[in-house]
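There are 2 protein chains.
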Amino acid sequence: MRRNDYYIPVSGEEKAADFGNTKDGGVSQYSKYDSIPLNSLKSDEAASGPKQGPTFQDGQRRVDYVLTYHVQKPQSVCRKTSRFADYHILRSLRRSLSMMRSGDTPPSKEDPEIAAHKHRLDYHEDDKRFRQTEFEDNLREMGLELEKDEGNKIPGIGFLKIHAPWNVLCREAEFMKLKLPTKKVCNVVERINLFIHKVTAPLHPKVEPNRPQNVKHLSHPFSREKQHLKFDLLKMTFTGITSLLGNGVYTAAYPLHDILYEEWASYSVFYKYQPIGLIRKYFGEKIGLYFAWLGVYTQMLIPAAIVGVIVFLYGCATVDNDIPSMEICDPRNNITMCPLCDRACSYWKLKTACGTARASHLFDNPATVFFSIFMALWATMFMEHWKRRQMRLNYIWDLTGFEEEEDHHRAEYEIQVMQKTLKKQDMYPKVGLFLSLMCFLLLSPLQIGVTFAVVFGVILYRISIKAALHMSSNPTARSNIRATVKGTAAVINLVIIIIMDEVYGAVARWLTVLEVPKTDKSFEERLIIKTFVLKFANAFSPIVYLAFFRGRMVGRPGDYVYVIGSYRMEECAHAGCLMELCIQLCITMLGKQLIQNNLFEIGIPKMLRARFILLPRRKSEMDSQQQEDYNMTLQRHEKDHFLGPFVGLSPEYMEMIIQFGMVTLFVASFPLAPLFALLNNIIEIRLDAKKFVTEVRRPIAARAKDIGIWYNLLRGLSKVAVIVNAFVISFTSDFIPRLVYQYMYSPDGSMHGFVNHTLSYFNVSDFKPGTAPLQPMHLGYEVQICRYKDYRETLWSNTPYDLSKEFWAILACRLAFVIVFQNVVMLMSDFVDWLIPDIPKDISLQIHKEKILMVELFMKEEEGKKLLRDNHTNQSPFQPRSRPASHTPSNC
Amino acid sequence: MRRNDYYIPVSGEEKAADFGNTKDGGVSQYSKYDSIPLNSLKSDEAASGPKQGPTFQDGQRRVDYVLTYHVQKPQSVCRKTSRFADYHILRSLRRSLSMMRSGDTPPSKEDPEIAAHKHRLDYHEDDKRFRQTEFEDNLREMGLELEKDEGNKIPGIGFLKIHAPWNVLCREAEFMKLKLPTKKVCNVVERINLFIHKVTAPLHPKVEPNRPQNVKHLSHPFSREKQHLKFDLLKMTFTGITSLLGNGVYTAAYPLHDILYEEWASYSVFYKYQPIGLIRKYFGEKIGLYFAWLGVYTQMLIPAAIVGVIVFLYGCATVDNDIPSMEICDPRNNITMCPLCDRACSYWKLKTACGTARASHLFDNPATVFFSIFMALWATMFMEHWKRRQMRLNYIWDLTGFEEEEDHHRAEYEIQVMQKTLKKQDMYPKVGLFLSLMCFLLLSPLQIGVTFAVVFGVILYRISIKAALHMSSNPTARSNIRATVKGTAAVINLVIIIIMDEVYGAVARWLTVLEVPKTDKSFEERLIIKTFVLKFANAFSPIVYLAFFRGRMVGRPGDYVYVIGSYRMEECAHAGCLMELCIQLCITMLGKQLIQNNLFEIGIPKMLRARFILLPRRKSEMDSQQQEDYNMTLQRHEKDHFLGPFVGLSPEYMEMIIQFGMVTLFVASFPLAPLFALLNNIIEIRLDAKKFVTEVRRPIAARAKDIGIWYNLLRGLSKVAVIVNAFVISFTSDFIPRLVYQYMYSPDGSMHGFVNHTLSYFNVSDFKPGTAPLQPMHLGYEVQICRYKDYRETLWSNTPYDLSKEFWAILACRLAFVIVFQNVVMLMSDFVDWLIPDIPKDISLQIHKEKILMVELFMKEEEGKKLLRDNHTNQSPFQPRSRPASHTPSNC
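So the sequences go chain by chain: A and B. Residues in the first sequence are numbered consecutively from 1, following UniProt numbering. Residues in the second sequence are numbered consecutively from 1, following UniProt numbering.
There could be a bad hint or two in this list.
Note that the list lumps identical chains together, so a pair holds whenever it fits in one copy or between two copies.
With a cut-off of at most 16 Å between alpha-carbon atoms, the simulated EDC-like pairs for lysine to aspartate or glutamate come out as follows [claimed, not checked]:
#1 860 - 870
#2 851 - 398
#3 349 - 330
#4 805 - 793
#5 719 - 830
#6 148 - 58
#7 148 - 137
#8 841 - 748
#9 841 - 384
Just so you know, the hints here were simulated from the structure itself, not pulled from any lab data.
Chain A with its partners taken away, still in its complex shape:
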């Protein structure tokens, strides 16, 4: 860890907050910059000694950015057209800039000759070289320093290393009114915070700049609005690069990786806070916000996990006092149950379901209801907490005045427009959108169909295995029936889910590409929504099936419902489907996270990379020793070339959102979900950190004020979670039937007799021909009347086997519970939402104080200006009134 390493701002970096990271107090570190004018910092770079990171050949100048291109012919560039070329590329850049601003001017309208030009050249090499030189000359003219590195170790690939000298950045900053810390320093000393900070000191990473919240530099008042000017330099460069990349002039463009942070991207520091300030400086606001969000989420999972474990332990502790499972396990209750399938199955004793009943109690007890409510409020608190954290980060990172800019057009979009429908440019995206919408509409039912087919396949597997095992007379096989079937089915399910996940990801991308969205932002949003819908349905359809459909429409003994031939609808174990739902959730969460994390995020990229590194050699005859030697000789920028490209944050967010869904949606059936999620996320943070630092090229820093569409998806999920949990409690668990029995039917107000109450009677003489069990004497005696779990009319009523009054009464109670639960929890959530202010009190106070300071600064500057003008012209129109202008600055 190099403590004094100096980060040249690549983009999105600012010199305001968390600038240095010296060890002394929060204020003094800025003091040396306070009174020094900007341009005197020029020599700062030279003074900092030899660079340790990747540099130019001279070992002094740092590599800030790298472009790569194919090298095939010797350099024979027509430099005589340079002047014209310069003018040309300048115009093009300027056009892109104005396009970026107006947002809707098609590029070919203003410069038909350029468009024609572009259209005409069919990517032959001379032209590429010509355009490359144009671009490089332009970069040099802007003051950037370039160095070429062609075919050194990797044949066929040339590197263009770019260095932005400090004085160029200074000039740009000065010209673009970059924010710089002014003299006023607000130091809010909060003693309690200090104490907390001391206590939690070991949790803080060592690189964290000293409490950035407490040291905030007041920005120059005018620069706030002109914030967006700042990115013009790099935007201009990128605008050019995007089209050059699109045309194949360059093959890749990336800033270089810096060092890996010991204090962040390492599993050994899993218990520490993340150095968000540094992450943001290194990767930009967008990625900084992702890790901040991940941190908040993980932090919030801690209380949820604790409460979840307590709820689970409560279940464990009370399992011996649970009257229904005691009744089931009691051998004196010698209840004969009806066969669970026609012919093959036989009668069975209720007490064989004892284990399942006891296990179900762990997840199906009154504490679960409390936990669902808790988690609904938790989700709201989490959203609120994140809003506040985001606000705070916005303030610290000086994004309060920043507004998302109009995106520039995507290179693919421009190429599509130019290649295919030069005349119907405005038409094209609409046609694409229409096509894609049609595809999506067609695919959606198909997708749901596929998902349910998969689910159904697993069901069939489960049923057939179960039936086969039922029919086999091997007693050891039989005893393991349930466990074997459930386990293998869940694993199959998991594998299918993971495979389909990748398929759906590709489908979503293909659909979005079809649409040809105009800007990167709209491309990303559309892709996210499509991917989310498909992946979410994929991940949750088996769970939804288990929770709400399994064992619902099974019919009754002698009249079982059959689907497709002779396969019966599955029934749940005696004590509700909650147990199986729980197993499914457990396997899905653990398996998905383990496999996706390890295999897809680390394993496959590594494999691919290994292949690519070997590829240029064209033979794989190198042994590992040779390869290591070869790797050692590679320079930083050459190594980075082999790293995977940065594919955006969407997969990371998507994974987390699906996990959030698991944690909130079915929390009523699996109180340990938050714990699992917490354990996963502790690894996930460091894994992502490692990946970003070592596995992919350093992404271009992007500015962002919030996490965008993901917030809406989270919000939607936490709303859906309330209703889903209401249904899980009332329909999947036995909570409501128990309550109803206790207060409506129980003779003594206790749960005694509940099991008997839930079982209906069946007269074996009512078996339809061919449905009676083949082995009626299985239990050793002849059965006259057997029992089955349902609320149906008794044998001696007028309409036996019809749904009974109890069924309808309990259904009404279940539904009433859903209504009450949903509305109460929604009201409580709204209340929590209203109770917690969106902007933290100290931040809003700070903003208020800053405003006053700014007004003061402005007044002084105005008066100074007036004085200057007055001296200059000596024609003051009227005397400025002597105002009571002694605004004392607030004691911040």
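With the hints as your guide, set chain B onto chain A.
Quick look at chain B alone, frame taken from chain A:
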């Protein structure tokens, strides 16, 4: 209507948008201001000729503001302390200003001598006079012109007329960087808009400035942030005045009324749009927003009213095809019903309920369900539409950058702090808040109790009258039983509601005063919330009782539920309670609006005013002729003195919110509610306009960006409306039982037999002793078995008179419907919310363009400044790089 009248900005007025209102195009009117420097406008005022409005004695200077005070002794002011006094008041003003900024500095801390001073003087006249003179001197020093008018016609009252000369305002504006139109004029010519404008021309008021949307002046980029500086002049004045008023130095402070607008405050122009721009100029943004909101609400009520009428007409058209009411009316269905009360009542024929059943169908048919969903979406659309309208107004009125300022402390608060708890200043409001919360918590159940007591009283009245009429043998009286009882009960209810409304308003105010909130804003918000809760509960408790509780727990014949002695719980008429709910709603809406509008808003203030005008004369010997003569001699400012003070917008908003509740909450039971509301609002707009223009003193213009807490209340109501409507449809109406009958029990899938299905059987031998009817032979034959409306077990079941399976099945269906309805409608609302962008497309485009223009301006100014500086010092640190800076302005 004086077309060329020139409004001096009192406060909250700007010179930017809709400045003049000449008849020619929208652009030219600004041309004369465009190139003239601000200070050359000085002579503009003199050139505009003699003023027509209220002026000073010279007939030239306009009266902008009036202060009144008591005159008792001849003026003997100690002017020798004037210098000290000036210093004194200046310090006080400055302190208020800084207090206003820091928000938490208690006044007595800085200036203990002033506090002690204030505390010491027990309002004796000399001191008042002294402070008055201080204040006036200060005003004169600020450049304002004053004129005194003591005891001219109204003895005992002196007027201090204040005139703000144009050059003072200019100087203030210059000093405070007031926004002024710059040269760039964006003229978006939208042809479609123009066409629409032509078509709707007669709907537009004649005074409306020509399409303010199309002419928008780009404000100076810097002034945007310093917006709030602008109010300093008047704020300073008011800060002084507030405490002076609190101390009784002045008795009233108000700006003068201007002319009344023929094009707005008149019933004859009810069909026209409101001249919102002018309203805002005259009354300020806050009142402007109220009328804009009222306009949007009224406009949105038009489609709702139309659909409501169609739904009602559909009910009328299908009443003859309604099988259940046909069955009830069919004389062949000779069904004998059980007596509705014990002993006094006798058996009756179902066909006597024919009329009610047919009437109920008007409001209880499938179209009502559609209408509920429609109205839920309508509410969402309304909220969205208003958001967009507000955004547009914010843009047009240049409020986009405006931020609500910290309020200054209330005079009452300061006095309380000073008088009572000089030491425990910080404690006091908390104690007050605690006291008030306790009171509120104690009062809330009390209030609910009172409301239900009132409801119960009405019920008792109704029951006793009914029972009395039942017992009487007069056949004509009997036939009118229902109508008479319902009508009188509803009227009694209405009267009680109106009386309690006033009581609750006073209670809410008293509670809020107890709290002593720090600022005006928090006072207002707390008052609004309390008033809303109390008034809302008051207005809706009888309706809620009718919709959800009446006829629910009535028991069954022979086992009726009794409350307090011998009064039975009321039952609904045969075909549901919907009809009665409807009558109650109708009477409440019409009556409340008519009575409150006419009596409270117009009648009582007028009466009070008449009394006050006569009061100064001390005798009421004048006849009306004399009074008119007297009135004629009064000057504008003297007349305005007799007008009521402006009491804020809360009562107006409150009335509308309650109405909005009526329209949305129980729309399922009364589809004509939107029509009634529309008719009322058309009158309401003009009534409020008249009131604001002629009945109350011209309020001080206040700035506001939105309608504040009212928006949240509206949003909350529209959410509650969904669930309330779901319950009304499923529980109050017969919609679900009909559906269930049709699809579960009907032998032929039609509604035939529905009435029979809803009636249970009762064996008259099961009457408990003393409950059998006194006149068993009333119908002319002996009754063995009678019927009653309920789902209970039949006589021949094991458990007769228990709730039957049908009851539970229908209950389950009702609850399922609530869940489905609520979630579907909420989802649709969210979808509509998401679909409609919050900021209109054209406005966001305009803002974007403006931003570019501003950047351009800024760049130029910066370059100019740099040039100036370079010329001045000739020490350019480094050469500014020649940027491609030819940003052509977008063609707006």
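Structure-based check of each hint:
1. 860 - 870: within (15 Å within a copy, 21 Å between copies)
2. 851 - 398: Answer is within; shortest intra-copy Cα gap is 14 Å, inter-copy 19 Å.
3. 349 - 330: within (11 Å within a copy, 58 Å between copies)
4. 805 - 793: For residue 805 and residue 793, the Cα distance is within 16 Å both inside one copy (8 Å) and across copies (11 Å).
5. 719 - 830: both (11 Å within a copy, 11 Å between copies)
6. 148 - 58: within (13 Å within a copy, 85 Å between copies)
7. 148 - 137: within (13 Å within a copy, 77 Å between copies)
8. 841 - 748: The answer is neither: 55 Å in one copy and 67 Å across copies each exceed 16 Å.
9. 841 - 384: Classified as within: same-chain Cα gap 14 Å, cross-chain 29 Å, threshold 16 Å.
Of the hints listed earlier, the one the structure fails to meet is number 8.
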